[in-house]
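Sequence lines, in order, name chains A and B. Going by my numbering, the residue at position 123 of the first sequence is 344; the numbering climbs one at a time, nothing skipped. Going by my numbering, the residue at position 439 of the second sequence is 660; the numbering climbs one at a time, nothing skipped.
Quick caveat, the hints were computed from the structure, so don't treat them as lab data. Take the hints with a grain of salt, since some may be wrong.
Computed footprint of chain B on chain A; a stretch qualifies when at least three of its residues, placed anywhere within it, have a C-beta under 8 Å from a C-beta of chain B [unchecked claim]:
{"no.": "1", "region": "341 to 350"}
{"no.": "2", "region": "414 to 421"}
{"no.": "3", "region": "496 to 504"}
{"no.": "4", "region": "517 to 524"}
{"no.": "5", "region": "580 to 588"}
{"no.": "6", "region": "660 to 674"}
Quick caveat: nothing in here was measured; it's all calculated off a predicted structure. Don't be surprised by glycine CBs; every beta carbon is placed ideally from N, CA and C.
One letter stands for each residue in the lines below.
Number of protein chains: 2
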Amino acid sequence: MKNENENLNNLRHSAAHLLAAAVMKLWPNTKRTIGPAIEDGFYFDFEFANPISEKDFPKIEKKMKEILKTWDKFEKHELSKDDAKKEYPDNPYKHELIDEFSAGGEKLSFYKSGDYWDLCRGGHVDNPKKELQHFKLLKLAGAYWRGSEKNQMLTRIYGTVFPTQEELDNYVKQLEEAEKRDHKKLGPQLDLFTFSELVGPGLPLWTPKGTLVRNILDDFVWELRRARGYQKVEIPHITKKELYQISGHWDKFKNELFRIETREGHEFAMKPMNCPHHIQIFNRKKWSYRELPQRYSSTTMCYRDEQTGELSGLSRVRAFTQDDAHVFCRHDQAEEEFVKIWDIVHEFYKAFGFKMRVRLSLHNPEHPEKYLGNPKIWKSAEDMLKKIAKEKKADAFEGVGEAAFYGPKLDFMAKDSLGREWQVATIQLDMNMPERFDLSCVNEKGEAERIVMIHAAIMGSIERFLSVAIEHFAGVFPTWLAPVQAIILPISEKQIKEANSILNAMKGNGIRVEIDERNESIGKKIREAEMQKIPYMLVIGEKEIKEKKVAVRARNQKDLGALTLEKFTEKIKEEIATKSL
Amino acid sequence: MKNENENLNNLRHSAAHLLAAAVMKLWPNTKRTIGPAIEDGFYFDFEFANPISEKDFPKIEKKMKEILKTWDKFEKHELSKDDAKKEYPDNPYKHELIDEFSAGGEKLSFYKSGDYWDLCRGGHVDNPKKELQHFKLLKLAGAYWRGSEKNQMLTRIYGTVFPTQEELDNYVKQLEEAEKRDHKKLGPQLDLFTFSELVGPGLPLWTPKGTLVRNILDDFVWELRRARGYQKVEIPHITKKELYQISGHWDKFKNELFRIETREGHEFAMKPMNCPHHIQIFNRKKWSYRELPQRYSSTTMCYRDEQTGELSGLSRVRAFTQDDAHVFCRHDQAEEEFVKIWDIVHEFYKAFGFKMRVRLSLHNPEHPEKYLGNPKIWKSAEDMLKKIAKEKKADAFEGVGEAAFYGPKLDFMAKDSLGREWQVATIQLDMNMPERFDLSCVNEKGEAERIVMIHAAIMGSIERFLSVAIEHFAGVFPTWLAPVQAIILPISEKQIKEANSILNAMKGNGIRVEIDERNESIGKKIREAEMQKIPYMLVIGEKEIKEKKVAVRARNQKDLGALTLEKFTEKIKEEIATKSL
């Protein structure tokens, strides 16, 4: 596995060299900087003398192909600091790197192919001429030198490369499909959410339809939780600094906290998570062992001070809604509680058709400084998770170093309809917070007994979950999730009265139904309902009224013929109740 | 009305003189400061050489009575600045006041009764000896000189005074009753909410029971709104400064805003209200007149940077939950929308047994600088409200100067079971925000037409509403609102199985029911259920099982006898459905 990754990285980084070689040939006044391999491809950052655009990509790709013919291998050379700098006259970026890399007096490595060479630490393919053929430039973006706003803005060219043309074609096709499904486009098009310049980036505003979808999801999770003894609690979104000093979050998340100084000079923070607040509710009284587990659930917003450049649609936001829950229980109750949450996750994700696997997110024993608590506590916690995963016979794998700083996790990964994998639900065992906040119950012997905590978000962030769900379904939500489940389309004004009595009958049956009473052609009404991806269109004309039926049309041009309203209602209610896909 | 108020104020302020006279006689080293009339009484702030306590009140009251015998009248004297200061050696507070009051070179007025006099602007009773007899000292508190934390902490003595002994007795009785009902005590006792030192004052944490009650209230409001075409929207709790610069809130609420500087140096604020966010959702697209009104509703927290000393239980908090809604409509639709909201308010408050009256909160034409917008806009808005109040034949009165800075309001006042009046719901017409944010629809002529906005909170702040409701009911919530509606009390372990099947049958009927399975005496179980003010206790013993009945006991010792479960379920469901009081 590791070897395969290394091969891919070498391929990608080698292609970055090829891109730079072509750019330098086409525009010799360009200042090159760095070109690393990244997930799914590579990029190279340049300072161009004159701006270029994506329209220049064919020209660059053509030049890359031309140059590639002359590249038999990557040849290593070593230069002194001064010689290295001479290779880049007027290029402060490379000079900065050269000064850093040679700080200990080391020689600097350069790699040469054809007549192009560049400062480089190595990691290339053996036979570029043969192996680098299947590349493509993807997009152009601005990027600050070394990621800092204070530095020069450079031009970043992204590209990708694969061992075979087939793999490249598949990837490009997937990219195109993903772009069509992009939630950043589909969301506003389906009128689910919007952003406002005045409110600011990373702060989505939820329209009536989007709010409906959020609440359907949240209610679904809540029903699964309620059946397992969870209770809702409500918490303020701010707290005094002291809470996070005890929890340890103040130090760990300092940079990402939105901090507030009150008019009296107190330090507050907006909550980046909910556990310390839930702990304060738990800690309001002494508990008998008979009263445990206590299971608290809140759907509530958390806040992180993300950098503007890293924000993206609903995937990365500054205010996100967690469907969060915490279980406070005795050590020997944790396993049962874990299994309950596992079942909730299973039942929830089934309703979307995701294929799931689970990562046992363990701590990295080589970096104990990254984690709270001692090794004994960690071993005991991780052993329990492994046992559960084994008993559940799950598609599980271990992720060393993926644990939270306060405990190990089960992270569920969902594969979407495009084959992309997303980290979604998480169940976390926590034996550190109970120590820090001195959480206990009075046991059978009348003694204070240390308890454990379980963190259990099902969607995690509703925003992020919805970004995945919108793209997974390409906006075509199953009927149970669709904000509008059916729309009634009277053919002319004559049917409006009848159409409204159908509307009210369906509403009475709990169906989310609308009516399009506009004086427009039925063709236009159908087209617009299709655009909104409404599952069912009920066309009402003279004929239907006479026959006491509705002409049912499913989205995607499926004509279901004329049905009685009772028949259709029965059908759609069954579809909703079973959460059919 | 005004005259009566003035008389009361004179009475109260005169009694403050009397209090100070007694204190100075008892502890001559005390430094006097100020003693104004306040709502329901008066206070006087002192710097004592040695601390006193409420145990000293009888002694002070005795001295006040003694002194009162010598007070025939209040006699005005005028002193120069220097002479005035000589009256208060070593009293920096009085010197500060004297400097201020004589800044323009004016003489300073002193008022004398008996052998006591004090710097004073006047406003006293004519015949203190007769009129001041019916007073009582109430409590002692710390208070900063001039309300600023930076200043010396003084000792404030509160008292009250009435024209007759009967009025005084009534008031004291009401105070005692209010103290018994104090939500700050009852809330934690009924386990509805808690506060945490670590989270901070003014930030209530809602327990499962409290959250249940909040949600019952919120769902009630939502059902009333849903029936009238409202839609839920969801908004982040922060925003860029720019939003509030346009709305005008940045200037108006600057001091009360929790402000945030992001790591990138941007200025954000936590929202102190929701209208600008809702406006941004409305403004996501162009609207046809056919699509109006748009009615957006959010139950969401707002934040105000209140001073620690002003916080009080749920009545004054730093994070409060608004059941907020905004209607965006055409000018000629506003009246109908207002009436709809009026009906919601009426239906909601009826379920609590509050007696309602409504204040027409108008602007003060003498201070146009306090309000956004022009006089013409204000007249048109206020005329509409007056017309509606008249048509509704409401118990209405005018409150000049009580308007919001953006428009006039209808403020509903609820009289509770103690006769106290609280401002609760509010409906506000707003013709200024639409100007500021350029809100419009396309009218029949295809032109952009300015619309109006209506702000419509029903509870206002759920926290504050609950503080009122808890005290109004003395914690004895009507069954529809009680977090636990019935509790099943098996007499011994033998009935536990049967008791659980009753529990499940009742849960299946949507009743909020618990079971007390502890191995305790039935007497203790009943006492504790009474303490929790649970409406019904169902005692299950051998006899009940044999007769297939439940022995029903209502709170407050009412024995309802043995009923079949079906009969009891029918009874309680009817009680809940009709929201019977």
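Here is what the structure says about each hint:
no.	hint	in the structure
1	341 to 350	violated (count 0)
2	414 to 421	holds (count 6)
3	496 to 504	holds (count 5)
4	517 to 524	holds (count 3)
5	580 to 588	violated (count 0)
6	660 to 674	violated (count 0)
Violated hints, in rising order: 1, 5, 6; the structure is consistent with all others.
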